[in-house]
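Asks: In case it helps, my numbering puts the sequence shown at residues 1 to 515.
No lab work stands behind these hints, which were simulated from the structure alone. Keep in mind it's a predicted model, so treat the numbers as computed, not measured. For glycine and all other residues, C-beta sits at the position ideal for the given N, C-alpha and C. Take these hints with a grain of salt, some might be off.
Heads up, simulated DSS-like pairs for lysine-lysine below, C-alpha to C-alpha not over 27 angstroms straight-line [what the hints assert, rightly or not]:
#  : residue 1 : residue 2
1  : 283       : 206
2  : 23        : 50
3  : 8         : 447
4  : 129       : 206
5  : 447       : 414
6  : 375       : 252
7  : 266       : 375
8  : 74        : 93
9  : 179       : 93
10 : 19        : 447
11 : 19        : 507
12 : 19        : 8
13 : 23        : 447
14 : 427       : 414
Here are the simulated distance ranges between beta carbons [claimed, not checked]:
#  : residue 1 : residue 2 : range
15 : 71        : 441       : 50 to 56 angstroms
16 : 160       : 355       : 42 to 48 angstroms
17 : 417       : 22        : 50 to 56 angstroms
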Amino acid sequence: MVKEFLLKCRETLLERWNKLDSKQRILFAGGVLLILLVTVYLIVVASRPKFVPLYTNLDQQDAAAIIEQLKEKKVAYRLSDDGSTVLVPESQKYELRLELANQGLPKGGSVGFETLNQNRFGETESERKARYLIALQGELERTIRRLDAVDDVRVHIVAPEPSLFIEQSKDATAAVLVKLKPGRSLQDQQVEGIMRIVAAGVEGLKPENVTVVDTQGNVLSEGVGGQGISQASKLTANQMQLVQEYEKQLEKSIQSMLERVVGQGKVVVRANATLDFDQVEIKNEVYGDKQIRSQQQTEEISSGNANPQGVTGTAGNIPLYAQPGAQAGGGQYQKTEKTTNYEVDKNSEHRIVAPGQVKQLSVAVVVDGQLDLLKQREIENLVTAAAGINQSRGDNLTVTSMPFNTAWSQQMEKEMAAARRRDQLLKFGVTAAVIIGLGLALWFVLKRRRREKEEIDYLAGPAMSLDEVLATKETELSPEEKERARMVEHIQNLVRQSPKEVAQLLKTWLGEESR
1 MVKEFLLKCR ETLLERWNKL DSKQRILFAG GVLLILLVTV YLIVVASRPK
51 FVPLYTNLDQ QDAAAIIEQL KEKKVAYRLS DDGSTVLVPE SQKYELRLEL
101 ANQGLPKGGS VGFETLNQNR FGETESERKA RYLIALQGEL ERTIRRLDAV
151 DDVRVHIVAP EPSLFIEQSK DATAAVLVKL KPGRSLQDQQ VEGIMRIVAA
201 GVEGLKPENV TVVDTQGNVL SEGVGGQGIS QASKLTANQM QLVQEYEKQL
251 EKSIQSMLER VVGQGKVVVR ANATLDFDQV EIKNEVYGDK QIRSQQQTEE
301 ISSGNANPQG VTGTAGNIPL YAQPGAQAGG GQYQKTEKTT NYEVDKNSEH
351 RIVAPGQVKQ LSVAVVVDGQ LDLLKQREIE NLVTAAAGIN QSRGDNLTVT
401 SMPFNTAWSQ QMEKEMAAAR RRDQLLKFGV TAAVIIGLGL ALWFVLKRRR
451 REKEEIDYLA GPAMSLDEVL ATKETELSPE EKERARMVEH IQNLVRQSPK
501 EVAQLLKTWL GEESR
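Generate coordinates for the entire structure from the input sequences, incorporating the hints supplied.
Replies: Spelled out as structure tokens, the structure:
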């Protein structure tokens, strides 16, 4: 079945090919060749591996070592960016990274502690210290280069010679030059981290003696870690950032709520907050009612004649006078002591109020259009509840309505609409061109088939009689022309009646002429 179909297709193609003239055959062959070339190109492009960067910003030594390893592994590679970037097939990227990392590549373009493993004969102490300092700089460069925002880095350390006199001793210093990736920046915390990394890796180096500079000449370490700006100023900057984050979060929360009520893009919310960053420590002691815990009473009574006793001295020589009502010749002594202990009800409170409390809050809400009084009150109640407005601490809330100026947005919409129309016209133009091209091609094919059919019908149709031929002539035919017309009519009749015999006769004539 398949064989018959293929044979039928072959016969059809050969028949069509035989009906084409030389010009049409050239065009057809060129079209088929073009289709084959495009197909082969697409297959090659689709099967070609996609190359992605394996490493970027390599120095010459690392690039040469990596390329050598890739050649040994027979891995296809490409170079770009003047040889500083190595590209490999995407499917092998991570596997190659692990294998190269196992071999210590890339080394990061810096010489590290691995150079200290090389013993050098006759090396002096100063040379050994210099080599150690270079290795230390390289290790610090490798560490800092791991930061996401850092593209490349250079570290320079100045370690003065130790002095016997304290007054003549100098502190160690360091300079760090960082090249940032495009569109990236370092925050103050990251700069301070670089300063502390360098200071921790160098003996006797303080963080404030580390200077960090970018490739644009900007001193990034100024005002960081106690350089130039005090810790209080740094704390103030952090507080300002917290206030801004709080205001933005509050605005976003209120606006998302109101947009569900009045519509998308029809409300604007702005908040202004004052936060209290003072840390308050409160100590409170409260005393309650007194309660008797214990009570002790001592009473002494003495009576009767008693010889005067006492201490020799002035007090003993002072005469004693009888009290009124006292009996003569006798004496009486009475002493009473009473001690009462009370239980004190004491309540102590020690409380520390964390900083960051809202001290005062102001919120402004603008709604597009006009609001009636009832709806305005409802929006005020919603914002009061959502923002936590407290009138007692001086909070302020303002809700107003006015038409928004939409000229800019309308202009942008017009430009976007014009761009969309241009895109649509372009798409319609391409589609129309394709349709017109297909229509012309179809019209050409149909016209050719119709012409072929007319030719076939003309050859296979009934021959014109002599009278019809004579009727079509405006002038009178000569006797020779009339005889020729009769012969043509006779031949046409023979072709219709016996086409095979006539064809065989023509082949025989052609064969004789060729001989």
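Asks: Now tell me if each hint is right for this structure.
Replies: How the hints compare with the structure:
{"no.": "1", "hint": "283 / 206", "in the structure": "40 angstroms, violated"}
{"no.": "2", "hint": "23 / 50", "in the structure": "42 angstroms, violated"}
{"no.": "3", "hint": "8 / 447", "in the structure": "24 angstroms, holds"}
{"no.": "4", "hint": "129 / 206", "in the structure": "20 angstroms, holds"}
{"no.": "5", "hint": "447 / 414", "in the structure": "47 angstroms, violated"}
{"no.": "6", "hint": "375 / 252", "in the structure": "21 angstroms, holds"}
{"no.": "7", "hint": "266 / 375", "in the structure": "15 angstroms, holds"}
{"no.": "8", "hint": "74 / 93", "in the structure": "14 angstroms, holds"}
{"no.": "9", "hint": "179 / 93", "in the structure": "25 angstroms, holds"}
{"no.": "10", "hint": "19 / 447", "in the structure": "14 angstroms, holds"}
{"no.": "11", "hint": "19 / 507", "in the structure": "20 angstroms, holds"}
{"no.": "12", "hint": "19 / 8", "in the structure": "17 angstroms, holds"}
{"no.": "13", "hint": "23 / 447", "in the structure": "16 angstroms, holds"}
{"no.": "14", "hint": "427 / 414", "in the structure": "20 angstroms, holds"}
{"no.": "15", "hint": "71 / 441: 50 to 56 angstroms", "in the structure": "52 angstroms, holds"}
{"no.": "16", "hint": "160 / 355: 42 to 48 angstroms", "in the structure": "43 angstroms, holds"}
{"no.": "17", "hint": "417 / 22: 50 to 56 angstroms", "in the structure": "53 angstroms, holds"}
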